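Asker: The lines below spell out each chain.
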Amino acid sequence: MSTLTTPPATDGAAAASPARRPALTTAPAARLVAAREIAVRLRDRAFLISTAVTLAIIAASIIVPTVFFSGDGPQEYRVAAVGQAAPAVLEDAAAASDGALALEAVPADDVAAAQDLVTSGEVDAALVAGPDGSLELVGDDSTPDDLLDALNGVVSAERSSAVLAELGASDAQVRALADDPVTTRVLDDSGTELVVTLVALVFAFLFFFTVFGFGYQIAQSVTEEKQSRVVELLVAAVPVRALLVGKVAGNTLLAVGQIVLIVAVGLLGLAASGQGDLIGTVAGASGWFLVFFLLGFTMLSTLWAAAGAMAARIEDLQSTTLPLQMLVMAPFFVAVYVTEPGRWLTLLSYVPFTAPLSMPRRLLLGDAAWWEALLAAGIIAATTAVLVAIASRLYRGSLMRTGSKTSMKQAWRASVED
Amino acid sequence: MSPSPVLELTGITRRFGDVTALDDVSFTVSPGRLTGFVGANGAGKTTTMRVVLGITRPDAGTVRWAGGEVDLAARQSFGYMPEERGLYPKMPVLAQLVFLGQLYGLPEAVARSSALELLERVGLGDRAGDRLDSLSLGNQQRVQVAASLVHDPVLLLLDEPFSGLDPVAVDALAGLLRERAARGVPVLFSSHQLELVEQLCDDVVILDHGRVVAAGRASDLRTASAPRRYRLVVEPDAGFLREVPGLTVLDVDGPAALVELPDDGDEQLLLRRALAHGPVRELRPVVPTLAQIFREAVR
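Taken in order, these protein sequences are the chains called A and B. So for the first sequence, this note's numbering puts the first residue at 1; every next one is plus one. So for the second sequence, this note's numbering puts the first residue at 419; every next one is plus one.
Hints were generated in silico from the structure; no laboratory data involved. These numbers were taken from a predicted model, which means no experiment stands behind them. Hints are supplied without guarantee of correctness; some may be wrong.
[To be verified] Cut-off 20 Å, straight-line C-alpha distance, at most; resulting in silico cross-link-like pairs (SDA-like, lysine to any residue): (1) K409/A - D436/B; (2) K405/A - Q220/A; (3) K508/B - L534/B; (4) K409/A - P323/A; (5) K508/B - Q562/B; (6) K508/B - G547/B; (7) K508/B - K409/A; (8) K508/B - L48/A; (9) K508/B - P323/A; (10) K405/A - Q227/A; (11) K508/B - L32/A; (12) K508/B - L42/A; (13) K508/B - E315/A; (14) K405/A - A271/A; (15) K508/B - R41/A; (16) K508/B - D110/A; (17) K405/A - P323/A; (18) K405/A - E502/B.
So that you can see chain A by itself, here it is in the shape it has in the complex (with noise of 0.2 Å):
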């Protein structure tokens, strides 16, 4: 078939020669990508009520204990006191108690008003000081152990101490007998190991809930691209990879942002309960886990973009997805199940998938060096980029494909011939 071409304008219209601007090459335009993903998520109000409500959870669960269930808070009683030195006694027993009792001293006229009040439960029991001396306590239907313990130990002290200087003695020996005969002493005085736990745990959980959080968020806005089919658009400016780098990116920002946020509300949390002490082990323990949560999270979402672009609809996702939610799924619950230092413990801290959870954990239980750290961050590192090079090209071959659903096999294909 011939060609008839036509000749350059001759209307006089100035021929405009193309305007050479330089080519917005990969790095800028996936800091573009970055940059819109992160801007649209954090106008995002879903996105937004979802974090204040796990930063709220994260508060309320380090705080809230330590108000309720603390046993550092005093135990406080009402006491109604008849007689002279029923008052001094109340007020003897709280400061021997060294903090954990809070008496209030209620004065009563006689015996039958004190029993009135406790009848009428206005007090918890009633102190009645005898003018010979004696000392009764009065309660409901019991009176409180630890008050009672409080009460004879304090009477009780003055009274020997009164008898011994009777007899003699010095004030030293008076002194030696008061003390407490047996002392306690415990090797481990940290209270580490437990939250040591706990931290492992809240941060698998955190991974966890992270990975398949911002995962789906990465496949979703994949898929949102080619469904809406803006991405014809996109791929027509911008190099594939510009995408690819800068979805993963911004996402990864958000992450670790939220993360970042969680952690610093986590301490926050323990220093306004008064737990400043666990700080310094919750921190250390967090700048390790930050780092294998920023190069596990890395690794795997290129595989979630990957998943994106497979689905032709959001409601294609659920199944191309489904390998990766069982890559993530499996070796949490693997890490989650395995704690204790060991053999498999060691093997998992260096299986890529399960790494940034074992890893961690065994840095914080001081059983792994810093060079194992390292060997095994390399390794996550080398199946990150074995995995990019694998999602790059299942993304390649998917992303134009906006008819239907693809296959994995399909992709790879795909890539090689266009």
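For chain A, the structure is supplied; the task is to place chain B on it using the hints.
Answerer: Here is chain B on its own, set in the frame of chain A:
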């Protein structure tokens, strides 16, 4: 002198499996001219555009722009409107135009002012902050037009830009395209609406089953490629024309007839024969419409 901004396709071939989507496609889109790209569904128009944009790689053939290869910088200077429309549904109108402008290499401030100006131009100046999916379909289409123009492209590739537009919007878009062409921008657009192409286009490329069956100036195609047909009105009856040797009579309706002359035939001779028969009221050449040319070309 800088090279003339011409888009040249030479011998483009592209197969999808066993199907040859494009078969040795060659044509030119010239500066300052509106080129209509015509073909049935599946003829290969969209694939051709995707090849020019580097979205689809050809198996053979070359695309040249302004005498050079189509590299990333060149592609970013092209304006493209895909047949399957689409922008970010949940993103505000202005934000996504700015984003696209930046992807095409514009600094943010330039992209913003250009986007605002275009939105004003397409009558959506007051909707800049609204989410795209809150706009009517027609208005979304206008945003799509703005998206293809935001970076002041040096070449326009528009896939079915007029489909789904009401007559007022068609006129507005045609005005925009003519304006760009007047600035020397080559414009290639595909369309099913042949009357529209005929009305608008300086040049036409007809594609059929992946092959270019006709290409050139619209006026040339209409006069040169078609057989010589005349409409003749004589009194009292045109039936006698059937007796004229060498003349093909296509249709006779009372005094009026549609005839076709042989290539070497002389219409003056025909006129004299008719006058000898009776008064001649009308004798004029019949130029085929683009639709007719198209039908003949793809037959």
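Asker: Can you confirm whether the C-alpha distance between K405/A and A271/A stays at or below 20 Å?
Answerer: It is violated: about 51 Å lies between the C-alpha atoms, which goes past 20 Å.
Asker: For a C-alpha distance cap of 20 Å, please report whether K409/A and D436/B respect it.
Answerer: 19 Å, holds
Asker: Keeping to a limit of 20 Å between CA atoms, is the pair of K508/B and R41/A held or broken?
Answerer: 11 Å, holds
Asker: For the pair supplied as a hint, K508/B and L534/B, is the alpha-carbon distance within the 20 Å limit?
Answerer: 19 Å, holds
Asker: Does the alpha-carbon distance linking K508/B and K409/A stay inside the 20 Å limit?
Answerer: 32 Å, violated
Asker: Taken at face value, is the distance from the CA of P323/A to the CA of K409/A at most 20 Å?
Answerer: Holds: K409/A and P323/A sit about 14 Å apart, inside 20 Å.
Asker: Decide if the proposed pair is consistent with the structure: K405/A and Q220/A, CA atoms, cutoff 20 Å inclusive.
Answerer: OK: K405/A and Q220/A at ~14 Å, within 20 Å.
Asker: Is the straight-line distance between the alpha-carbon of K508/B and that of E315/A 20 Å or less?
Answerer: Holds, at roughly 18 Å.
Asker: Could you grab the alpha-carbon distance between K405/A and P323/A and see if it respects the 20 Å cut-off?
Answerer: 15 Å, holds
Asker: Please verify whether K405/A and E502/B have alpha carbons no more than 20 Å apart.
Answerer: Cα-Cα ~17 Å, so holds.
Asker: Hinted pair, alpha-carbon criterion (20 Å max): K405/A, Q227/A. Please report holds or violated.
Answerer: 11 Å, holds
Asker: Tell me if the straight-line CA distance from K508/B to Q562/B falls inside 20 Å.
Answerer: Given that 20 Å is the threshold and the Cα spacing comes to 15 Å, the pair holds.
Comparing the model with each earlier hint shows violations of hints 7, 9, 14 and 16; every other hint is respected.
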